[in-house]
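Trainee: Each chain is listed here by its residues.
Number of protein chains: 2
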Amino acid sequence: MRILLTNDDGVYAPGLRALRAELKKIGTVTVVAPAGEQSAVGHSITLLAPLLVQEVLDENNEPMGWAVEGRPADCVKLALLELLDEPPDVVISGLNAGSNAGINVLYSGTVAAAIEGAFFRKTSIAVSLEYTKPKPLDFARAAQLARNVIEQLLDHPIAEGALFNVNIPSLEKGPIRGIRVVPQNVAAYTETYDRRVDPRGRVYFWSGPDFRCPDPHPDTDVFALAEGYITVTPLQFNLTQAATLETMRAWKWH
Amino acid sequence: MRILLTNDDGVYAPGLRALRAELKKIGTVTVVAPAGEQSAVGHSITLLAPLLVQEVLDENNEPMGWAVEGRPADCVKLALLELLDEPPDVVISGLNAGSNAGINVLYSGTVAAAIEGAFFRKTSIAVSLEYTKPKPLDFARAAQLARNVIEQLLDHPIAEGALFNVNIPSLEKGPIRGIRVVPQNVAAYTETYDRRVDPRGRVYFWSGPDFRCPDPHPDTDVFALAEGYITVTPLQFNLTQAATLETMRAWKWH
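Heads up: the protein sequence lines correspond to chains A and B, in order.
Taking the numbering used here as reference, the numbering of the first sequence is continuous, increasing by one, and the terminal residue is 254.
Taking the numbering used here as reference, the numbering of the second sequence is continuous, increasing by one, and the terminal residue is 254.
Quick caveat, the hints were computed from the structure, so don't treat them as lab data.
You may find that some hints are simply not true.
The list treats identical chains as interchangeable, and a pair is accepted whether it falls inside one copy or across any two copies.
[Said to hold, decoys possible] Below, a list of computed lysine to aspartate or glutamate pairs in the EDC-like style, where the Cα atoms sit at most 16 Å apart: (1) K252 <-> E151; (2) K24 <-> E191; (3) K133 <-> E151; (4) K252 <-> D155; (5) K133 <-> D155; (6) K252 <-> E160; (7) K24 <-> E59; (8) K173 <-> D138; (9) K133 <-> E246; (10) K24 <-> E151; (11) K133 <-> D210; (12) K133 <-> E172; (13) K24 <-> D89.
Make the full structure from the sequences, and use the hints.
Mentor: Written as structure tokens, this is what we have:
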């Protein structure tokens with residue numbers, strides 16, 4: 001099995017290194033990942049600037065793949081269109097430092113990279129690790145758990161271009177309680193900004209750290225993850241609101 | 001009616017100026033938009049850097065709103081949480097220079113700003129103008145067409161947080177053929193990269209200009225827009241693949 005591995009934390013991030021070590025047990029892994037951290041960049045792509053590309057070695061000085069001075073989605077595009085000699089069987093994005101559940105799925109560069117893989121009709125899986133305290137995180141243990149889920153996903157007959165979002169709960173909350181298949185929570189998060197004035201009198205705002213989802217629906221990724229379950233959510237990228245579409249087609253337009 | 005107007009082309013972009021002039025006929029418009037161009041940034045948000053904010057005047061030196069050194073989605077968040085004295089009735093994003101149909105909906109900063117408005121349960125509308133040749137575009141005429149569609153949307157009983165994506169066809173293709181309510185096309189685009197070597201021997205890639213959707217489904221935004229129709233697509237931001245979810249819940253997980 002040929003695996004394309006990417007992320008949004010950067011090519012040398014410990015989460016990617018740990019996941020690569022696990023994925024090498026089940027396939028041939030090529031990394032094409034951003035040169036630096038690209039968190040919360042969503043589905044950004046680079047149309048108006050050059051994408052510098054450099055071959056990179058792993059911690060044992062073995063060839064690992066490429067670092068791209070671009071976004072996670074750029075990495076997947078470039079890998080599939082230019083860099084890889086043979087197309088991968090699966091695109092995996094992670095292991096992200098921080099969960100990507102609820103509406104954060106839309107902000108996430110990790111998930112966007114997997115969506116980009118699905119655009120190309122590749123089976124694509126985003127994998128993230130919740131953290132509840134500052135790092136360091138136990139990526140090695142989390143990557144084992146991630147591999148177990150990935151193997152189970154790939155053991156089933158799945159459609160071409162199937163897309164999955166996997167979250168591993170913080171390992172500091174105690175033993176993993178199991179695996180739950182759950183939809184994305186759609187409630188908004190509680191957010192705050194801190195208003196400040198710079199030394200030249202200009203106003204600026206910092207996004208506050210209290211980015212929380214106060215009351216998630218019980219049958220969702222945010223809820224199950226908080227309860228200590230690994231969550232698996234099948235995703236799609238058709239944003240059409242189908243029910244409303246039918247209603248609106250009956251309107252008289254002028 | 002109170003209207004929050006944003007975009008991804010920047011606070012001084014001609015498309016925003018033209019749309020603002022039209023929207024002032026139907027409501028009180030406050031602009032909160034990026035200080036500079038932010039195209040194809042998707043649903044990026046700024047968590048790790050300060051968001052500088054500056055009040056801006058319009059072409060007649062009248063107060064217009066705020067410029068934010070951030071992403072389109074940051075602008076909507078900041079407007080709703082910090083900058084506006086009163087909550088808006090509707091969030092409008094545009095008028096974008098370039099269409100946002102098909103999978104481009106996911107790359108688009110214009111649409112992401114509208115999705116962000118919907119996160120806050122505000123009626124939100126993204127509006128884009130296709131171009132088939134280099135600028136300048138007839139934004140004044142396109143903004144009239146956009147206002148007509150926006151007024152019709154708001155005349156109907158729509159759910160809290162309803163979200164719409166509107167595209168105006170290139171006005172150089174001839175008369176507008178009408179308004180079509182259509183789903184998002186989901187096919188991938190044809191893309192190319194141009195491989196080059198910099199003066200220091202480093203490899204880089206430029207995204208090519210032939211970013212096309214070769215064979216869109218007839219009942220989609222991409223197709224109808226190409227045919228010269230204004231397209232209206234109701235959107236949602238739950239990416240869960242519901243049918244697959246039910247199948248996967250029956251799997252034996254271990």
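Trainee: Run every hint past the structure and note whether it holds.
Mentor: We went through each hint and held it up to the structure:
For a Cα distance limit of 16 Å, the shortest separation of K252 from E151 across copies, 13 Å, qualifies, whereas the shortest one inside one copy, 51 Å, does not. In the homo-oligomer, the alpha carbons of K24 and E191 never lie at most 16 Å apart, since the shortest distance is 39 Å inside one protomer and 30 Å across protomers. In this assembly of identical chains, the alpha carbons of K133 and E151 never lie at most 16 Å apart, being 29 Å within a copy and 48 Å across copies at closest. For a Cα distance limit of 16 Å, the shortest separation of K252 from D155 across copies, 11 Å, qualifies, whereas the shortest one inside one copy, 49 Å, does not.
Neither within a single protomer nor between protomers do K133 and D155 lie at most 16 Å apart by alpha-carbon distance, with minima of 34 Å and 48 Å respectively. Proximity of K252 and E160 under a CA criterion of 16 Å is satisfied in neither setting, with 39 Å inside one chain copy and 21 Å between copies. When the C-alpha separation of K24 and E59 is checked against a cutoff of 16 Å, the pair qualifies only within one copy, where the shortest distance is 14 Å, while the shortest distance between copies is 59 Å. Taking identical chains as interchangeable, the C-alpha atoms of K173 and D138 lie at most 16 Å apart only when both belong to the same chain, with a minimum of 12 Å there against 58 Å between chains.
In this assembly of identical chains, the alpha carbons of K133 and E246 never lie at most 16 Å apart, being 46 Å within a copy and 34 Å across copies at closest. Taking identical chains as interchangeable, the C-alpha atoms of K24 and E151 lie at most 16 Å apart only when both belong to the same chain, with a minimum of 12 Å there against 56 Å between chains. Taking the closest pair of Cα atoms, K133 and D210 come within 16 Å of each other only inside a single copy of the chain (13 Å); across copies the shortest separation is 46 Å, beyond that limit. In this homomeric assembly, K133 and E172 come within 16 Å of each other (Cα to Cα) only inside a single copy, at 8 Å, whereas the closest approach across copies is 56 Å.
Taking identical chains as interchangeable, the C-alpha atoms of K24 and D89 lie at most 16 Å apart only when both belong to the same chain, with a minimum of 14 Å there against 53 Å between chains.
In summary, the structure is inconsistent with hints 2, 3, 5, 6, 9 from the numbered list given earlier, while agreeing with the others.
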